[in-house]
Amino acid sequence: MIKQLHEKLINKEISATELTQDYLSRIKNKNPILNAFITITEKQALEQAQKIDKEILNKKEISMLAGIPASIKDLIMTKGIQTTAGSKILENYIAPYDATVVKKLKQQGIVILGKNNCDEFAMGGSGENSGFGATKNPYNLTRVPGGTSSGSAAAVSADLSVYSIASDTGGSVRQPSAFCGTVGFKPTYGAISRFGLIADASSLDQIGIISKSVEDAEIVFNFIKGRDLLDSTSLEFPISKKQFPNKFQFPISKKDLKNLKIGVPKEYFTHLRQGYGGQVSGLDKEVETAVKNVIKKCEKLGAEIISVSLPNTEYALAVYYIIQPSEAPANLARFDGIRYGKSKIKNQKSKVKSIFEVYSKTRAKYFGDEVKRRIMLGTYALSAGYFDAYYKKAQKVRTLIKQDFEKVFSQDKIDLLITPTTPTPAFKLGEKTADPLQMYLQDIFTVPVNVAGLPAISIPCGKTKNLSSGRQGNLPIGAQLIGSWGKEEILFEVGKVLENDL
Amino acid sequence: MTTRKKMISKKEVKHIAKLARLDLSEQEIEKYQKQLGSILNYVEKLQEVNTDGIKTADGGIRNLENVWREDKNELGIMNYESGDLIKMAPEVEKEQVKVKKIL
Chain Z
1 MIKQLHEKLI NKEISATELT QDYLSRIKNK NPILNAFITI TEKQALEQAQ KIDKEILNKK
61 EISMLAGIPA SIKDLIMTKG IQTTAGSKIL ENYIAPYDAT VVKKLKQQGI VILGKNNCDE
121 FAMGGSGENS GFGATKNPYN LTRVPGGTSS GSAAAVSADL SVYSIASDTG GSVRQPSAFC
181 GTVGFKPTYG AISRFGLIAD ASSLDQIGII SKSVEDAEIV FNFIKGRDLL DSTSLEFPIS
241 KKQFPNKFQF PISKKDLKNL KIGVPKEYFT HLRQGYGGQV SGLDKEVETA VKNVIKKCEK
301 LGAEIISVSL PNTEYALAVY YIIQPSEAPA NLARFDGIRY GKSKIKNQKS KVKSIFEVYS
361 KTRAKYFGDE VKRRIMLGTY ALSAGYFDAY YKKAQKVRTL IKQDFEKVFS QDKIDLLITP
421 TTPTPAFKLG EKTADPLQMY LQDIFTVPVN VAGLPAISIP CGKTKNLSSG RQGNLPIGAQ
481 LIGSWGKEEI LFEVGKVLEN DL
Chain L
1 MTTRKKMISK KEVKHIAKLA RLDLSEQEIE KYQKQLGSIL NYVEKLQEVN TDGIKTADGG
61 IRNLENVWRE DKNELGIMNY ESGDLIKMAP EVEKEQVKVK KIL
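Chains Z and L supply the protein sequences, listed in that same order. Just so you know, we're using the working numbering here: the first sequence kicks off at 1 and counts up by one. Just so you know, we're using the working numbering here: the second sequence kicks off at 1 and counts up by one.
Hints in this document: simulated from the structure, not taken from any laboratory. Mixed in with the good hints, there may be bad ones.
Cut-off 30 Å, straight-line C-alpha distance, at most; resulting in silico cross-link-like pairs (BS3-like, lysine-lysine) [to be verified]: (1) Z/Lys-365 <-> L/Lys-10; (2) L/Lys-10 <-> Z/Lys-79; (3) Z/Lys-413 <-> Z/Lys-292; (4) Z/Lys-413 <-> Z/Lys-396; (5) L/Lys-72 <-> Z/Lys-365; (6) Z/Lys-353 <-> L/Lys-11; (7) Z/Lys-353 <-> L/Lys-72; (8) Z/Lys-88 <-> L/Lys-98; (9) Z/Lys-342 <-> L/Lys-31; (10) L/Lys-72 <-> Z/Lys-346; (11) Z/Lys-344 <-> L/Lys-18; (12) L/Lys-72 <-> Z/Lys-344.
A few chain Z residues that don't get close to chain L, going by computed Cβ distances all over 12 Å [stated by the list, open to error]: (13) Thr-39; (14) Ile-40; (15) Gln-50; (16) Glu-215; (17) Phe-237; (18) Thr-289; (19) Ala-381.
Backbone N, C-alpha and C define an ideal beta-carbon position, used for all residues, glycine too.
In isolation and in its complexed conformation, chain Z is listed as follows:
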């Protein structure tokens, strides 16, 4: 889509201003229903579009991304624009600088339409935890769009934005993409600088892209990847052999997938959810069928399909729900009612006297339910006497999960894995809000990827039919392709072959 729009811009079939107005008018029509944007930056967007139009008129060479309207998850800092992280504690907070990713995109001349709604501080799986109201699924307004990049996926899905820069800590780019029928790409940990991304859990957080096509995700990724002095965990591109020793050659032609080895991890196709309160529920039948069709398609195109095992998969979610809540409170400690954001410090009537009360009353008032729950959980897991049993144990099992993936990529010589992105299609608004664990279980196929730091992409692979089980049809389904460390190219190549064919 980006390529085609770029062609139209340079051939003067459409101006950047017209293109931007087109998107802005759709936002005006649909955002009151979808709630995909917290902030709409109409004025800045039109000014930027006019600037690009002038450049085109003056026959200046423009970037592929110049004049293309995009949006940014509200967890990412945008200078001079309200940046809330979906939290009431940051309502009216104006970011004093740009995230590295935003800086890089501005250098390419992109048009920023606004900031996308998201679950507060990127915690949640449904978009319902935003302090600014839930986002709705464009395919069905009674369903969740997924989360935490809820507004990003809904906006791209409903053509309110060409692509959105989002973030993925446990599936927050891929899961809403599966629910909204968009492409969701999460690169290798460190591939895109996290400077200016409001931190959730630092060893898991990664900036990603939600777009209409795999090609678009690839185009944007190539502009924003790479080492950044302001993020010590960011990676040099091309990635060094030392860091990612697996050899890699391009076996793929545009038409077939010969010489490609695809692993199908059996643990992703069985009943993973045993052991919680006696509840056993597996992969949704329609999701299973749709993903298996993708695998069949790959086989038809010449790929070798191999059943593989990732034996520690069933522990990934438990590992995640110790590590994420343990890391997040340290990052959220900065919201103390003193440095920035909302505060109880000024409230004379409420008898806030000590600094302790400034902290505890500010945080209790302005943090939402899920954020408080995770802070409590992590503080417990790290408290005296529990550290070894929870955090240290989880970090050891994390090593085992990484080793499972290393084994299939190096010993079994698998090029990529195919799995469902989510166990079910989009669920109903309010369906899982009362039971946090049921909500967490939605992340079961996406979290292992963050735990191991791998790249993965969710691509649309069909929609549900009208069902007898009371479920409405026409809900998107996503297939997840997981690659080895630093091997995002193979995901793009296979993704592009598949999206033309599915």
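Use these hints to put chain L onto chain Z, whose structure you have.
Relative to chain Z, chain L alone:
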């Protein structure tokens, strides 16, 4: 392996809330007592994994090493002024962030 039921007392919840600097209401304490218990029960399943001799993971990155740079001021690459940051504080006096007394 059957996992033992994890219980967390109200007193513990209050202690954790204090450590976390969260002034929770009585209703919240009751709710989190129940929910934390249920989540802790779920993560308890990690205890069945044998991790003898396994090292703890070093984060999301592979082969993590120290990252060094020359000791010179590279703040020029950041695009903000300190005044912009101070302006964001809820209470400011004479261009300084104001806090309650600490001692």
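Checklist entry - Quick check: which numbered hints come out false for this structure? => result 2, 5, 7, 10, 12 and 19
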